[in-house]
Each structure stands twice: as C-alpha cells, then as structure tokens.
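There are 2 protein chains.
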Amino acid sequence: MSDASYARNARTTPTRDRERAAWDKEAVNAILDAGLVCHLGFVADGAPVVLPTIYARVGERLYIHGSTGSRPMRGASVDQGMPVCVTVTHLDGLVLTKSAFNHSVNYRSVVAHGIAYQVTDPDELTLALDALVDQTVPGRSREVRPANAKERAATRVIRLDLDEVSAKSRTGGTGEDEDDLDLPYWAGVVPVTTAYGTPEPAPHSTVPAPANLPSSRAAV
Amino acid sequence: MSDASYARNARTTPTRDRERAAWDKEAVNAILDAGLVCHLGFVADGAPVVLPTIYARVGERLYIHGSTGSRPMRGASVDQGMPVCVTVTHLDGLVLTKSAFNHSVNYRSVVAHGIAYQVTDPDELTLALDALVDQTVPGRSREVRPANAKERAATRVIRLDLDEVSAKSRTGGTGEDEDDLDLPYWAGVVPVTTAYGTPEPAPHSTVPAPANLPSSRAAV
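Protein chains in written order, with the UniProt record's numbering: chain Z, 1 to 220; chain A, 1 to 220.
No wet-lab data here; the hints were simulated from the structure. Each hint should be verified, as a subset may be incorrect.
[As the list claims (entries may be wrong)] Distance ranges between label pairs, derived from CB positions:
1) Arg-152(Z) <-> Thr-68(A): 42 to 52 Å
2) Ala-154(A) <-> Ala-4(Z): 31 to 41 Å
3) Asp-182(A) <-> Arg-16(Z): 51 to 61 Å
4) Thr-68(A) <-> Pro-210(Z): 30 to 40 Å
5) Pro-184(A) <-> Ala-4(Z): 41 to 51 Å
6) Val-207(Z) <-> Ala-44(A): 44 to 54 Å
7) Pro-14(Z) <-> Thr-120(A): 19 to 29 Å
8) Pro-146(Z) <-> Pro-203(A): 25 to 35 Å
9) Thr-120(A) <-> Asp-163(Z): 38 to 48 Å
10) Thr-120(Z) <-> Glu-124(A): 14 to 24 Å
[As the list claims (entries may be wrong)] One-sided excerpt, in silico: chain Z residues whose CB lies under 10 Å from chain A:
11) Gly-41
12) Ser-67
13) Val-95
14) Asn-102
15) Pro-122
16) Leu-127
17) Pro-138
18) Arg-152
19) Thr-155
20) Asp-177
21) Ala-195
22) Thr-206
23) Pro-210
Remember, it's a predicted structure, so these values are computed and weren't measured experimentally. Idealized CB from N, CA, C, for every residue including glycine.
Just chain Z, with the same shape it has in the complex:
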C-alpha cells in the first residue's frame, strides 16, 4: 500500500475478475465524484438491508445523511458505530455478444466497507451538509439558505472513512469465443450514459438558472 492507494485485503479483493479491480485513490475518487446516489448496506436483525441514498465525498471520507428517525441513522451511534457497505455504480454500456454466456456490461463501481459513525462536531456537520448539497450541483451550497438550527437538529449525518475500499470496472468491446466469431448474430456495444435535461424552474424561482446546473449535457 502506498499513499496513493487504499489498503488491499481479503475483503477488498474481488473473488472474480480481479484484473478489473483497482485500489488507487485517483480511480476510486473519480468514480465516487461522478456519482450522487449510493446504495447503503447495513444489517438489521441479522438480515441485510440495502437502501439508495445520496452521499458526498470529502477527502477520504464519505458522508451520508438522513432524518434522525431513519433506520441507518439510528443505528450508527457516536461511539459504537454501525458496520456498513457503501456501493456506487455507473452503468456505461451493454456488451452484446454472439453467445448468451459472453454478454456483459461496461461499468464503474466502488465498494467501501467499514464502520459508520454519527457526526456530532458542529463544524464537521456543516462541512458534510454543504458537501451533500454540492455533490448534487458543484458550489450550490453557497447559493441557498443554509440549514437553520431546527433543520440541523432534524438531520443526522454519518461518516465512513475510506479505508477498506476498491474500484472495479469494465471497459471496451466484446469478448467473444473464437468458435462464435462467424455466427450470424449482431454483436457490439450499446453505450449508456446518464443525461441531464433542461432545468425546469419552479414558479417561485425568479433568477436565471445558474451556469453550474448540469443542464443538457451528458454526465460521466
């Protein structure tokens, strides 16, 4: 492990397709920064629960927030924390081959394991809440009314240090068996992107759409 890479251990080493895995921080952070929705996994009564939620990365930490009453927010206490797995996935393409077996998808994903703890420090809470808004639209936290005391009290934020984390991705074209090359079927890749449409102003919005909105451009 170097400073440029996250730790590599049994839990962060995939059992399959290891050549698709990466642990360097640049690769991991790029995938996290391109996303908005993660899937948060935790254990409740011995069974797994996976919920979609938004997240933000600040340095080597992930922040996730929710109502003080939500299950994962109640579970991740200040002292004991809660074991979680946070996964972020981007689908980049359908890989269609002449055999059913070799079909695949192009994707980028990050899986982060660890213990999530409740954030209580007021400054860290402000940092996290701003980052959660900015993950949606860069710089947006400076163009809105910040949370007041009542709103902060109704919101819980949990922190996961990026430590046991790995990226996995597939890019490129079809992987076809030699014997299948001449079969009379179509084969190739259908690219998939996340696209942002034209911003739809609310009736009470009285200023022009800011330049930082992700309007009408394809996202990574």
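Following the hints, position chain A against chain Z.
Frame of chain Z; chain A shown alone:
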C-alpha cells in the same frame, strides 16, 4: 393484502416518507422491469456486503447470476439459501430548492427482502438465463447462441421470490418552505434520464443492428 399487492409488514414499510411507498405489484414490477442493474446485499462474517449485478424478473421472482466461485453465489445454497436484500433504483431528477434542507431527488426504487436459493432445475435455469439476457435487450435470448453444458456448469443462478417487497418514489416539483419562497435563488428540477447511445458494432458483427436494440432513445 390483495392479489394485486405484495405483503406489507414492518420490514417493507419505510420509517420515513411513507406516503412515497407502494406495494402494488404493477408499481413494483414497472420499476423492476425498467432496470438492469440491482444492488445485491448479503451478510458476510457479520458485516454487510453490497455488490452491483444484473438481474431479471420473471413473474414474481427475481433471478441473479454469477460465476460458481463468486461469494453470493456460493452463499445461497439449495437448501438453506441466504438472506439477501435486492434494491433497484432509478434517479429521475435533481430537486433544487432555495434552502439546503429541502433539496431532494426524484427517483423510483424497489427494495426486496428474502432468502435467495440456488436454482438447480434445468428448465428453470434455462428460463432464468434467457430472462437475464432479455433484461438487457428484449428478445435477445432468441438471437444468440444459448449457453452450452460447460457454460451452464460455470454459471450459478439464484432465485428470490418477490414477497417482502416495496416500491418508493418521489416525483414532481420543489417542496419549499413558505418563508423561503422569495429568497433570490434559483429553484427547480433538473431531469435525469438514462440514455442509450448509437450501437457500436464489433468488427466480427456482420448483420445489421436488430430493431430491438435500445439505440438513441432515452430509457425510462
């Protein structure tokens, strides 16, 4: 519970925003059928693991496949099975308000809990493998070489009966506090869609792209 709805219990009733939840099969199935990648949660050594993978719905069952060597496939045995949570999420929009607190996203998601079991019946295995290819492109399983005995032996399929399952979604515009309506900030919704690009044929593809490919049209 009626025949048109999935069972509703503590585990399938969200602790927050219950008005966004639905249990009717039509709503749940529509969200599942619009997707391709799910997030599969399971418990390993007491800790949650969440992995992205493709899935298919057939009636009131979900099928997920993987290599015989992969962790969740090894865990879900024929007799004991494995507790899983399968979550499918579509991001539909960024909901930007004049206050940081009221920011939200439009989305549709399904969360399914239960025990996943290995599929061993040859006919069910064929059905599942075809469905997994067809979830990518409708009808594609009839336009490829089916898996042979060796490929089938290398693939494990698990089944999750849709029983404890619920949908959750948010649609519509901004929810703004009365006191914030006149603040001088932009507010509105930025639509988000999954878009398919022009199919890129592989060099060994010698037939025209079939009409069922999701080319150049926005997905739901």
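Cross-check of the supplied hints:
no.	hint	result
1	Arg-152(Z) <-> Thr-68(A): 42 to 52 Å	holds (50 Å)
2	Ala-154(A) <-> Ala-4(Z): 31 to 41 Å	holds (36 Å)
3	Asp-182(A) <-> Arg-16(Z): 51 to 61 Å	holds (56 Å)
4	Thr-68(A) <-> Pro-210(Z): 30 to 40 Å	violated (52 Å)
5	Pro-184(A) <-> Ala-4(Z): 41 to 51 Å	holds (43 Å)
6	Val-207(Z) <-> Ala-44(A): 44 to 54 Å	holds (50 Å)
7	Pro-14(Z) <-> Thr-120(A): 19 to 29 Å	holds (25 Å)
8	Pro-146(Z) <-> Pro-203(A): 25 to 35 Å	violated (55 Å)
9	Thr-120(A) <-> Asp-163(Z): 38 to 48 Å	holds (39 Å)
10	Thr-120(Z) <-> Glu-124(A): 14 to 24 Å	violated (51 Å)
11	Gly-41	holds (4 Å)
12	Ser-67	holds (5 Å)
13	Val-95	holds (9 Å)
14	Asn-102	holds (9 Å)
15	Pro-122	violated (15 Å)
16	Leu-127	violated (13 Å)
17	Pro-138	violated (12 Å)
18	Arg-152	holds (9 Å)
19	Thr-155	holds (7 Å)
20	Asp-177	holds (9 Å)
21	Ala-195	holds (4 Å)
22	Thr-206	holds (7 Å)
23	Pro-210	holds (6 Å)
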